[in-house]
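For reference, the chains in residue letters:
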Amino acid sequence: MRWDFWRRKRRNTDLDDEIAYDLALETEEQIRSGVTRQEAEQASRRDFGNVGLLKEGIRETWGWTSLERLGRDLRFGWRSLRKSPLFAGMAVLSLALGIGANASIFSVINAILFRPLPGVERASELVSLNESLGGNNPLPLISYPNYLDFRDRNSVLTGLAGIGFVPASVGPKGNCQRVWAITVSGNYFELLGVKPQAGRLLQPEDDKVRGGHPVMVLSYTGWQKRFGGDPNIVGAKALVNGREFTVLGVTAKGFHGTELFVAPDVFVPIAMQQELQGGSGDLDRRSNRGFFAVGRLKPGVTMLQAESALNAIGRQLAQVYPQDDGGMKVTLTPPGLLGAFLRNPIIGFVAVMFGVSCLVLLVACVNLASMLLARAGDKRKETAIRLALGAGRSVLIRQQLTENLMVALAGGLGGALLALWITSALAAWHPPVDVPLVVSANVDLRVFLFALLVSSVTALLFGLLPALQATKTDLVPALKNEAVTGRFRYWHLRDYMVAAQVCLSVLLLFCSVLVVKSLQRSLDAPIGFQPRGVATVSFDLNMQGYDEPRGRDFQRRILDKVRQLPGVESAALADNIPLTLTVPWSPVYIEGKPVPKRASDVPTAYFFAVGPDYFHTVRTRLISGREFDARDKQGGQRVAIVNSAFAAQLLDGAKPLGRRFSTSPTEKPIEIVGVVENGKYYNLNEKPQDAFWTPLEISYQPKASLVVRTQMTPPESLVPSLRAAVREIDPSIALFSAGSMEDQLSWTFFAPRVAAIALSAFGILALVLSATGIYGVMAYAVSRRTREIGIRMAIGATQSQVLGSVARSAAILIGTGLVLGFAMALGAGRLLERILYGVKPTDPVTFTIVFAIMLGVGAAATFIPARRATRIDPMQALRQE
Amino acid sequence: MPKNTPNENHIELLQGTLDMLILRTLQWGPQHGHGVGQAIRQSSADLLLIERGSLYPALHRLESRGLIESEWKASDLNRRAKYYRLTEAGREQLVAEQSKWKLLVKTITRVMRPA
Chain Y
6 MRWDFWRRKR RNTDLDDEIA YDLALETEEQ IRSGVTRQEA EQASRRDFGN
56 VGLLKEGIRE TWGWTSLERL GRDLRFGWRS LRKSPLFAGM AVLSLALGIG
106 ANASIFSVIN AILFRPLPGV ERASELVSLN ESLGGNNPLP LISYPNYLDF
156 RDRNSVLTGL AGIGFVPASV GPKGNCQRVW AITVSGNYFE LLGVKPQAGR
206 LLQPEDDKVR GGHPVMVLSY TGWQKRFGGD PNIVGAKALV NGREFTVLGV
256 TAKGFHGTEL FVAPDVFVPI AMQQELQGGS GDLDRRSNRG FFAVGRLKPG
306 VTMLQAESAL NAIGRQLAQV YPQDDGGMKV TLTPPGLLGA FLRNPIIGFV
356 AVMFGVSCLV LLVACVNLAS MLLARAGDKR KETAIRLALG AGRSVLIRQQ
406 LTENLMVALA GGLGGALLAL WITSALAAWH PPVDVPLVVS ANVDLRVFLF
456 ALLVSSVTAL LFGLLPALQA TKTDLVPALK NEAVTGRFRY WHLRDYMVAA
506 QVCLSVLLLF CSVLVVKSLQ RSLDAPIGFQ PRGVATVSFD LNMQGYDEPR
556 GRDFQRRILD KVRQLPGVES AALADNIPLT LTVPWSPVYI EGKPVPKRAS
606 DVPTAYFFAV GPDYFHTVRT RLISGREFDA RDKQGGQRVA IVNSAFAAQL
656 LDGAKPLGRR FSTSPTEKPI EIVGVVENGK YYNLNEKPQD AFWTPLEISY
706 QPKASLVVRT QMTPPESLVP SLRAAVREID PSIALFSAGS MEDQLSWTFF
756 APRVAAIALS AFGILALVLS ATGIYGVMAY AVSRRTREIG IRMAIGATQS
806 QVLGSVARSA AILIGTGLVL GFAMALGAGR LLERILYGVK PTDPVTFTIV
856 FAIMLGVGAA ATFIPARRAT RIDPMQALRQ E
Chain R
3 MPKNTPNENH IELLQGTLDM LILRTLQWGP QHGHGVGQAI RQSSADLLLI
53 ERGSLYPALH RLESRGLIES EWKASDLNRR AKYYRLTEAG REQLVAEQSK
103 WKLLVKTITR VMRPA
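Heads up: the sequence lines are chains Y and R, in that order.
The first sequence begins at 6 in my numbering and counts up by one.
The second sequence begins at 3 in my numbering and counts up by one.
So here's chain Y without its partners, still in its complex pose:
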């Protein structure tokens, strides 16, 4: 390379000599024909033509390979960027921020939608079967009998596996921990094509007899985490809810089931469901919807064809079992996001974030384009000189584009690093939730390619126009260093850039403010209870092998003990805490109303089993009737407390107290004795949902949480004494989800908070970018008009007239941008309408806020250059050019 360089240098001097020799001979000849030496030299030079161009042409014949040419352009670009570090820094930084925001969101999309499930064969053929009865059943779960019917009757799937999630206490003897186990049908591993790391995996023979297969398979992480990677694990015994299970094998590294964000430790045959789950593990009830189903499409069958074939089976089932399956609908989706449950909300959310981050990138690009235009203006003279010396326009454009590409690639690299940083922060995040979550949005090759593509397209698209414009210079005035004063009234390309930037920023700000406001609304909306000042601990007596009488006794004793603890204001038991993702729901049959024929017509309500003093402890307002109290003990009258939504929607607003309902047409009715205020039970965005509460003493639940209101701050400082109280009664009982109630709920609040922060960051980023953009262009415009302003002031214009003239042109640009931006914002608002909560897409407050912010930023960015214009000294301005 070095040698090559020297050779090239040598050839260049040789060429110079050769040409000089030619000129000398020519001059001699001219002199001989009788003119003076000076004339002869001039004539021969004139006659020779453009020496530079000739040399350029000859160098071309030496065979510049495209690589060498690129190297030359890169060196030139580097030199020229080094000469203006401020421009280069700003351009790279704004692109890096724009691309970084974009690539981070893209890596999340990549992780969720594009990356195939790990450890699974031909993941693209897998489908998740979602059953829906309508109503408020949030999870697309399917009952075991329905699963069997779908599995055996269909001809579109090569197989269908059933999957259930059950918390269980698992581990070697003496070291049991509460984990989420997956109960799977015997065909699960075969269907997915999972390889064992050690031993063997479950087979259909392991799922034949109810309660007869105490065997399990560990996931690789479960083996490492729970059993320390024990090499003799195959054939070893481990305890599951107190019963001995044999470990058959370990799945290959990487595989963690069919859910993207849940990493289970243990796989157990569905035949053992009842052993793990107790009463609610009933496999024979068709209305007991507790399973996910994942199938593999037969070759050549599309998802749509399979869906319609499965719906035909669904209609048959609905006809035979109208009470359980009437009105049932089946949808197929790719697996991984709890079937269809998380899919649409996540896609919607990610789409909005991606759209917003694309807008940020667009703002950054427009910013870059306007910087390039201003720079082209600065380099106008240089460009003109080069053109005058015979440089081809294509060469100049090529060099300009190379320079832009360098800026863009540097920006792309910065953006990729930013995305790397953001996603690794995301992967390190362990949400405080009672499910083994895996969040992996790693930056992989696809993300890097995406960043590369975006930055190159950016450079070419947004750099080409300025490059074309710059090389179209009118040579004579440019060389004379004259401003194009005659044309300043017309809109320049960079003026359009300002308008475009304002317009995009308005759009972006409007969307961010709207969504942030909606998120704020959902965060601030009353949730029907007051988690602040409450500590909770949970236990599952099922796992300790307690039967019902012992369990009831324990629950009574622990509550008595806790109420005696110092610092405790009040305490109560509840089977589930609202907004913690494990809230069950139930069909509701109102007494005196006809029983609906189809299951999908039966209304549903969330239900909780709570002990006395619960509503007082969590501060849920009692509207009428009474709380549960000492009257509601085992064998007592079946009573319930409902919320006002239940009263309004299911009882048609009639007086609720004394009305009766049941959870199945064959069950004894429950009498309503109280009404409480509405709350949020599943997520923050839900509309008022029906809910009812029954006394825990009457409907015993082995899994329960102690809910304790305390004066201690923080409330979790009460946890040690709660633990001690439990240990005094039975030291073997494992507690989980111990801490403040607010921590328990943080999962629910997390997504909206993250979204609000991200969107605010995007909004601020866009503002900064467009402020620098407006400032840059206005400052440049003023500097170009120095001479004109100088003349105006020389013939008597006042400072305020000058200020007005500069401000007016800025106001026109910013005003145009504002109008266009708001027009687009109206359209975008309509698109956002579906995901907004409590905010209208035409929210006048949002409009006002965005208008005020943009106006403020625009005015500030204009003011500084405008003031500089008024300080122009006419004498100096006129002499300068």
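Calculated from the structure, these hints are not laboratory results.
Check each hint, because a few of them may be wrong.
[As the list claims (entries may be wrong)] Calculated lysine to any residue pairs in the SDA-like style (CA-CA distance at most 25 Å, straight line):
| no. | chain 1 | residue 1 | chain 2 | residue 2 |
| --- | --- | --- | --- | --- |
| 1 | Y | Lys14 | R | Lys102 |
| 2 | Y | Lys14 | R | Leu57 |
| 3 | R | Lys102 | R | Leu57 |
| 4 | Y | Lys60 | R | Arg82 |
| 5 | Y | Lys14 | R | Glu73 |
| 6 | Y | Lys14 | R | Thr27 |
| 7 | Y | Lys60 | R | Ser56 |
| 8 | Y | Lys14 | R | Arg82 |
| 9 | Y | Lys14 | R | Arg67 |
| 10 | Y | Lys60 | R | Leu51 |
| 11 | Y | Lys14 | R | Leu51 |
| 12 | R | Lys75 | Y | Ser722 |
| 13 | Y | Lys673 | Y | Glu596 |
| 14 | R | Lys75 | Y | Lys386 |
| 15 | Y | Lys522 | Y | Ala29 |
| 16 | Y | Lys60 | Y | Phe81 |
| 17 | Y | Lys14 | R | Glu90 |
| 18 | Y | Lys258 | Y | Thr226 |
| 19 | Y | Lys303 | Y | Arg290 |
| 20 | R | Lys75 | Y | Met95 |
| 21 | Y | Lys60 | R | Lys102 |
| 22 | Y | Lys14 | R | Ala60 |
| 23 | Y | Lys386 | Y | Met95 |
| 24 | Y | Lys598 | Y | Lys522 |
| 25 | Y | Lys14 | Y | Val400 |
| 26 | Y | Lys384 | Y | Leu58 |
| 27 | R | Lys75 | Y | Thr32 |
| 28 | Y | Lys60 | R | Thr27 |
| 29 | Y | Lys602 | Y | Lys522 |
| 30 | Y | Lys386 | Y | Asp657 |
| 31 | Y | Lys60 | R | Arg67 |
[Stated by the list, open to error] Okay, the calculated beta carbon distance ranges per label pair:
| no. | chain 1 | residue 1 | chain 2 | residue 2 | range |
| --- | --- | --- | --- | --- | --- |
| 32 | R | Thr109 | Y | Val400 | 39 to 49 Å |
| 33 | Y | Gln43 | R | Ser66 | 31 to 41 Å |
| 34 | Y | Ile402 | R | Val113 | 25 to 35 Å |
| 35 | R | Pro32 | Y | Leu454 | 53 to 63 Å |
| 36 | R | Gly55 | Y | Asp878 | 44 to 54 Å |
| 37 | R | Pro32 | Y | Val400 | 56 to 66 Å |
| 38 | Y | Arg398 | R | Leu49 | 29 to 39 Å |
| 39 | R | Ser46 | Y | Leu458 | 52 to 62 Å |
| 40 | R | Gly55 | Y | Leu118 | 56 to 66 Å |
Beta carbons: idealized from backbone N, C-alpha and C, even for Gly.
On the provided structure of chain Y, position chain R as indicated by the hints.
Here is chain R on its own, set in the frame of chain Y:
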């Protein structure tokens, strides 16, 4: 005698014939760039004026194709000058081009012959 005034007697060079003329000129022995231009002019009785803007690129092109080679020698003006010389490949190329040219001339003449 200013050379840059347009002369209606000048002939526009046919595309692709310059290379052949250069090779032909160098057949008589090594010559520098200026000399090649002069030789073509003289042997065409001042009808063919070769622009240096075409001549030098053509020389370098031929050199990079290996049809001619160059050598730096001291010249009559007491300066270093670059002399070009025909290579074996260049000689063969000239023969081939000459016969192609003769065929072309013959064919064109036949077509253009007075009716």
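Against the structure, the hints come out as follows:
no.	hint	result
1	Lys14(Y) with Lys102(R)	39 Å, violated
2	Lys14(Y) with Leu57(R)	22 Å, holds
3	Lys102(R) with Leu57(R)	22 Å, holds
4	Lys60(Y) with Arg82(R)	19 Å, holds
5	Lys14(Y) with Glu73(R)	17 Å, holds
6	Lys14(Y) with Thr27(R)	30 Å, violated
7	Lys60(Y) with Ser56(R)	11 Å, holds
8	Lys14(Y) with Arg82(R)	17 Å, holds
9	Lys14(Y) with Arg67(R)	21 Å, holds
10	Lys60(Y) with Leu51(R)	20 Å, holds
11	Lys14(Y) with Leu51(R)	31 Å, violated
12	Lys75(R) with Ser722(Y)	98 Å, violated
13	Lys673(Y) with Glu596(Y)	10 Å, holds
14	Lys75(R) with Lys386(Y)	42 Å, violated
15	Lys522(Y) with Ala29(Y)	80 Å, violated
16	Lys60(Y) with Phe81(Y)	18 Å, holds
17	Lys14(Y) with Glu90(R)	29 Å, violated
18	Lys258(Y) with Thr226(Y)	8 Å, holds
19	Lys303(Y) with Arg290(Y)	29 Å, violated
20	Lys75(R) with Met95(Y)	55 Å, violated
21	Lys60(Y) with Lys102(R)	32 Å, violated
22	Lys14(Y) with Ala60(R)	21 Å, holds
23	Lys386(Y) with Met95(Y)	23 Å, holds
24	Lys598(Y) with Lys522(Y)	42 Å, violated
25	Lys14(Y) with Val400(Y)	21 Å, holds
26	Lys384(Y) with Leu58(Y)	21 Å, holds
27	Lys75(R) with Thr32(Y)	20 Å, holds
28	Lys60(Y) with Thr27(R)	23 Å, holds
29	Lys602(Y) with Lys522(Y)	43 Å, violated
30	Lys386(Y) with Asp657(Y)	81 Å, violated
31	Lys60(Y) with Arg67(R)	18 Å, holds
32	Thr109(R) with Val400(Y): 39 to 49 Å	41 Å, holds
33	Gln43(Y) with Ser66(R): 31 to 41 Å	37 Å, holds
34	Ile402(Y) with Val113(R): 25 to 35 Å	45 Å, violated
35	Pro32(R) with Leu454(Y): 53 to 63 Å	57 Å, holds
36	Gly55(R) with Asp878(Y): 44 to 54 Å	49 Å, holds
37	Pro32(R) with Val400(Y): 56 to 66 Å	35 Å, violated
38	Arg398(Y) with Leu49(R): 29 to 39 Å	35 Å, holds
39	Ser46(R) with Leu458(Y): 52 to 62 Å	58 Å, holds
40	Gly55(R) with Leu118(Y): 56 to 66 Å	60 Å, holds
Of the numbered hints listed earlier, those contradicted by the structure are 1, 6, 11, 12, 14, 15, 17, 19, 20, 21, 24, 29, 30, 34, 37.
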